[in-house]
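These protein sequences, in sequence, are chains R and C.
Here the first sequence stands for residues 1217 to 1534, where the numbers follow the working numbering.
Here the second sequence stands for residues 108 to 365, where the numbers follow the working numbering.
Hints were generated in silico from the structure; no laboratory data involved.
Take these hints with a grain of salt, some might be off.
Said to hold, decoys possible - Subject to a maximum C-alpha distance of 27 Å in a straight line, what follows is the list of computed DSSO-like cross-link-like pairs (lysine-lysine):
1) R:K1368 - C:K199
2) R:K1342 - C:K199
3) R:K1368 - R:K1342
4) R:K1368 - C:K196
5) R:K1409 - R:K1368
Keep in mind that this is a model prediction, so the values were computed, not measured.
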Amino acid sequence: MAKEGEDDEREPHLMVSGKALVKRFGGVAAVAGIDVEVRRGESFGFLGPNGAGKSSTMRMIACVSPRSDGELRVLGMDPETDGPRIRARIGVVPQLDNLDVELTVRQNLQVYGRYFGLSRAHVRAKAVELMEFAELSDRADDQVEPLSGGMKRRLTIARSMVNDPEVLLLDEPTTGLDPQARHLLWGRLYQLKQQGVTQIITTHDMHEAEQLCDRLVVMDGGQIVAEGSPSELIARFSTREVLELRFAPGEQDGQINHVADLAGRHEVLPDRLLLYADDGEAALEAAHARGVRPVSTLIRRSTLEDVFLRLTGRSLVD
Amino acid sequence: MPAWRAMWLRVEGHWAWYRRYWRSSLYSSGVEPLLFLAAMGLGFGSQVEAGAATGGFEYLHYVAPALLVAGAAMSGMGEASFPVLSGFKWQKDYIAVTSTPITPGQLLGGQLLWLAIRLGVSGVVYGLVALAFGAWLRPGAVLVVGVGVVTGLACAAPVMALAAATYDEGRRFVVMFRFVMVPMMLFSATFFPISQIPIELRWLAWLSPLWHGNEIARAAALGDAEPLALAGHGSFLAALLVAGIALARKLFYRRLVV
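For reference, chain C alone in the conformation it holds in the complex:
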């Protein structure tokens, strides 16, 4: 079976589940970013004056693209943690799937493709509602959905690798959510530029895939792009994505072919 078809069949398998349970997952991936947009963009943002920190833009315009990307990053990490561990450990559906002609590598590919589709759909829904709020200034904002997908996958792939190497109840994911995901969301130029972070700690933001994603998303939505900086941000995300997939692939095989 060609790899793309195997991956697509896995997506189809997820769709069978999603059709029954889409309501519960809609909240975290779709509604939550909109609540943030309403609270931060419209509510809190009404108290923020456009200035140097926001690049001269209204706060709603400043924060809207980053909220999409941050939501995708969080969804990606969440979907790559307990749900993936469950495939190995509790539900064991990964063991069932790899008893068929589908290989562990194709299974991983299917997981990532399914995640990409969900991030894309959530991004479109968010984007349309944000449009109604008047959050977008230019057509280039359409690209923010793609930036969200790539950033979400780049955050998810290493976490999938971690899940494949987790044999206990997954306590490490709780630690990761608290000490990696939440700080990343807060200090990656989602709500304010990293120039506000003391220089001694700023390197942490440079390591954050979300910061790189936010920078690209803002460039697309607000239109003040520096080609060299964009190339750097894009390379960081691409490198993380490729390395994360390579590691996850290796660990999927190690876990499923023993």
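So that you can see chain R by itself, here it is in the shape it has in the complex:
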């Protein structure tokens, strides 16, 4: 729990605040001057494609990567000088699991808890509680190696909770998991949010961002290109609906001019045409009336993927 006087006196509700934050590797700026604020209790996301600078930002917040320039405060302290004290109060779920696969589930939790200086009795009890939370109680004394990817991921998240962190950093928490495992994890993260744990999540998956984040920033090329809640971003940068048209191979280019004016904006993807219209059904009828005959059509809600496309001209996942 927060000790008095440690939190930023000016903004006690700010868990993380960065100003003009820069991370350079050699001459290359992975993070090129971003401003970011994360408030107590919220789930905050960094959405962007691989290489956007999300993980570099996370590593700076986790106090394992010194900033190259700018200001950064985590829990009101400076990672440069207070790294160990900050790390004692945060939880980290790295992009790649780094469990001790030769130990048991229980041992992983206990050994890791001890690194925070917690007593043996405390970590023993905590391990039981966390195995319950991660639905791993029946595997408590099994070695980690043969567990499924989803189980290992749940254990990694459980392990990050061992010190009752005030902020949880989740770097691509569900990348590579099957849909069932992802939904189980999302449920667990939601449960933690209900308990008041601040979460900072990086993802290149728009579903995950919409599912988990109260507020997010869209990153591209080391910069923040937009900020807001998922619904705000969609309202600001996209239309209510999207009409997707797929044509037979080679026909798309010829059809663009016939339909482009049916919507305020359109995007051309290699395999389909996207028309941004508030009423997708009406746009589709109008296209049919003009004799346009796509192979298949789809009317759907706008997503963060559309926001990203609008802001950067590229897809999130190439």
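Chain C: place on chain R using the hints.
Same frame as chain R, but now just chain C:
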């Protein structure tokens, strides 16, 4: 958290692993030196007459202290190579540990402390069995365990630095085992004095931390110490240990704080 406590917690983490897997590691660190003692000290040694080369001692008495130190040197280099690289690269437990309040420097300290404990325990086990073989002549032989620990750490620290600077699959360690470790074991006065080595090549032995360790260990076990020579051997080991730790510390930070 105080540094000593952080280091001790890392030792505790290793202990959790060791409790499950001690049998497999017991062979290399404990049983192997005893096999050498049986083969060289008792078997081969039965054919060697005590003479000038052995300082007038029976071969068993001559070789027993050096085998402990050589075993520690080899264990130290082995434990500092692939297991440390794995902490960075495969298992990535170093990345997990340094996400906690533990710093890279404390992590390194914990690794060295854990290694020191293991070398010490192996040395004691070896020493007791060797005692049953009648390998020790005087109480001063107890000090050989300590010499083994220091020599093992002095050999391990630079290799840990090397591991922290290794980004590939660690092929260089295989080369190191073949072209550094094995020759070092053979030509550092473990089995015969370096006066038998042609003078043109003898400087290689002078650079070997194992030779310095063996000289101190023999002085302790056999009791023919020259204070000035001992000081020289001790200084060499201390300098290597300090330099190795300083370099490893720097490279641990470079690898883990980027």
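Structure-based check of each hint:
no., hint, in the structure
1, R:K1368 - C:K199, "holds (14 Å)"
2, R:K1342 - C:K199, "holds (24 Å)"
3, R:K1368 - R:K1342, "holds (18 Å)"
4, R:K1368 - C:K196, "holds (18 Å)"
5, R:K1409 - R:K1368, "holds (21 Å)"
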